[in-house]
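Let's have the full structure, built from the sequences with the hints guiding it.
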Amino acid sequence: MNQAVTEKPVCFYLATLMVHYKDQEGQLKVRYMNSLLESPKPQLLKSDIGVMHQSALARLAEESGIDPSSVVDTVVMNLSMLAITTPEIFHGTVAEDNLPEDAPAVN
1 MNQAVTEKPV CFYLATLMVH YKDQEGQLKV RYMNSLLESP KPQLLKSDIG
51 VMHQSALARL AEESGIDPSS VVDTVVMNLS MLAITTPEIF HGTVAEDNLP
101 EDAPAVN
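No gaps in the numbering here: position 62 of the sequence shown is 62 in our numbering, and each next residue is one more.
Treat the hints as calculated values from the structure; they're not laboratory data.
Built from N, CA and C at the ideal position, the CB exists for glycine as well.
Label-pair ranges, simulated between beta-carbon atoms:
hint : residue 1 : residue 2 : range
1    : Gln43     : Pro87     : 16 to 22 Å
2    : Glu7      : Asp73     : 31 to 37 Å
3    : Pro87     : Val30     : 30 to 36 Å
4    : Met81     : Val30     : 21 to 27 Å
5    : Gly92     : Gln27     : 39 to 45 Å
6    : His91     : Asp23     : 33 to 39 Å
7    : Ser64     : Lys8      : 32 to 38 Å
Only pairs whose alpha carbons sit at most 27 Å apart, straight line, appear in this in silico DSSO-like list of lysine-lysine:
hint : residue 1 : residue 2
8    : Lys8      : Lys46
9    : Lys8      : Lys41
10   : Lys29     : Lys46
11   : Lys46     : Lys22
Here it is as structure tokens:
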């Protein structure tokens, strides 16, 4: 908590994803999940959507034991920008007394 701000500001987004997958019996199931995305620019690219998709596949496998090959579709339901700030400030890894006066605020 005593480190100073050293990183450049990035954009933080929260996405709500709807993942369609088939269970072991072949029945179509749906799981909703959130995904946090950091992007160096406000414009999101196709590769950013791919990062969210891969994050969803990894979470499904880890949390529910769902094989990524059983995922049929991933739909981005909502995408909200949370802040433009440094990762250190956003994640709370810098003490307020170490913030420079011109530090980007979490807005």
